[in-house]
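Asks: Each chain, letter by letter, is given below.
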Amino acid sequence: MDSRYHSVRLDRDRCRGCTNCLMHCPTDAIRVRGDHAHIINELCIDCGACIRVCSYHAKVAMTNTLKDIQAFKHRIALPAPSLYAQFKHQPIGAILDALKEIGFQEVFEVARGADLVTRATKELLKDRRLPRPFISSACPAVTRIIQVRFPGLIPNILPLRQPMEVAAQIARREYCEKHGVAPDEVGVFFITPCAAKMTAIKNPIGQRRSSVDGAISMMEVYGSLMPLLGHRRETLTQSQATPLGILWAKTGGEAEAIGIGNAMAVDGIDNVIRVLEEIEDHKLNDLEFFEGAACVGGCVGGPLVFENNYVAKNAIRMQTEGMTKQLEEGPVNRHEVMLSERIRANESMRLDENIGTAIKKLEEMNQILSRLPGYDCGSCGSPTCRTFAEDIVRGYCTEMDCIFILKERLRVMAQQMVDLAQTRRE
Amino acid sequence: MSDTLRREYPVEHGDYIRAGESSADIKRCLRQMGVASNTLRRVSVASYEAELNLVIHSLGGKMVMEADSDYITLCTEDKGPGIPDLALAMKEGYSTADDEARSLGFGAGMGLPNMKRNADDFDIESCVGQGTQIRMRFKLQ
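Those protein sequences? They're chains A and B, same order as listed.
Going by the working numbering, 424 is the number at position 424 of the first sequence; the sequence numbering is gapless.
Going by the working numbering, 29 is the number at position 29 of the second sequence; the sequence numbering is gapless.
One thing to keep in mind: the hints can contain errors.
Said to hold, decoys possible - One-sided excerpt, in silico: chain A residues whose CB lies under 8 Å from chain B: (1) R350; (2) A358; (3) I359.
To be verified - Simulated crosslink set (DSS-like; lysine-lysine; CA at most 30 Å straight-line): (4) A:K202 <-> A:K100; (5) B:K139 <-> A:K361; (6) B:K62 <-> A:K361; (7) A:K360 <-> B:K62; (8) A:K126 <-> B:K62; (9) B:K139 <-> A:K283.
Hints listed in this document are in silico derivations from the structure and should not be mistaken for laboratory results.
Glycine residues also receive a C-beta, built at the ideal position from the N, C-alpha and C atoms.
Between the sequences and the hints, there should be enough to build the whole structure, so can you do that?
Replies: Next comes the structure, spelled out in structure tokens:
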């Protein structure tokens, strides 16, 4: 497990050093220094906002390729339900079949993992001692923003594994039993709509190791699947998940599956942050369940999907119409669904290990801030004047990096030069 | 001189637009100081309630935060109207919020009790016609 791993990366050759990603990062994790962007490891939550907003396509998510899967003799595909929504006229069964023609021997739907997590959540909800509101652990970017900015809400996060993890463990076990092969001979690959889930595989939250071997982006498989799905419409293959599990792909799907009255689904990382602030301030006291998605629309709006998220939401709704499969009753095997480790706080926002020193730095920051123009323009390479003041205190830059302070200094110097020239003439 | 952080926030009566900004700033300072998250949460709740009380019920006043490595102190003081019956005001569910406040969702009557519950030390003094002073202290571990 690599705790500094991030799947979101910068392609330096394409980066212009503009201010787009800088200004849109929800954790102020980006700086532009030395003519290109830098991502601060400790603050990045892999939400992919920068990938979406970069006009030069310089921000990318490092994911596995269809070549990488060939390292395994046996290969299982774990499609996220948002994959179905990329092919709006196709029955789900046709998509599952097609995956077996691009290099995978077996397919196991992540929506089945979602069904199990739904059942486990319903069980946990019965325990009145657990703090409310429950916060879904489905979106890794939301879990990470809580670790960085709202550590007081960590106890509210459901201690449940991601649906892709639950699905991977079962898929591997069933395949090994059926074919009599060793677990490490099987490669289990998640077909992902986003960067955050790729990061969650290499740098897991709440468990030591992921059950998944890698993730392939939907953007990549789209090209391989599209020609296969052109002609095929009829298939006997059916989805093995319930429509409730499949609809986790869109925002509100999880809350609806759990069927709880006082639930809230919020999508878009800025909106999620705003609501989490309110929850932290105890302003939403009656709320039982909070479902946050970093991407607008939910997973169908992820940075690595092909289809527009509104079209995709509609597509998946239609694909599940007529599906009658119901959620099974009864408790789930805890071993399959519970996280094995506590989720830890990420202390990167603190200015210093020592509170006394941190206070000194805060005062210094305030002093500097009062001298800054307050334009939040990004020209210095920090997203706001406040973060710029913090960067100065942390020793990463000087006040003169502010173009307005520089201009003012130059104006003073120019005046001094004029005065100097005048004395020479006398 | 031990290092103390001090912030003063003026709060105006009826300023619902800015309501909550002072407590948000306090939260940010404390996070950057590295205050433990459970203490931070208690201070957040108390400061938010205190700020809203100033907006909804007072004629205007200020909130002052002081922090050092041992304690965080939160004080509010206002210009009036003052609380006639302190014991009644501290009762859960009792509220004198006006229609405008209630229409915005306030007035559950939990402000003062919440503040007392979240603080380690809580003191309130009030004089009708003069104003109210509240002092809260939170111990850092």
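Asks: State for each hint whether it applies.
Replies: Results for each hint:
| no. | hint | in the structure |
| --- | --- | --- |
| 1 | R350 | holds (3 Å) |
| 2 | A358 | holds (5 Å) |
| 3 | I359 | holds (4 Å) |
| 4 | A:K202 <-> A:K100 | holds (25 Å) |
| 5 | B:K139 <-> A:K361 | holds (21 Å) |
| 6 | B:K62 <-> A:K361 | holds (25 Å) |
| 7 | A:K360 <-> B:K62 | holds (24 Å) |
| 8 | A:K126 <-> B:K62 | violated (43 Å) |
| 9 | B:K139 <-> A:K283 | holds (23 Å) |
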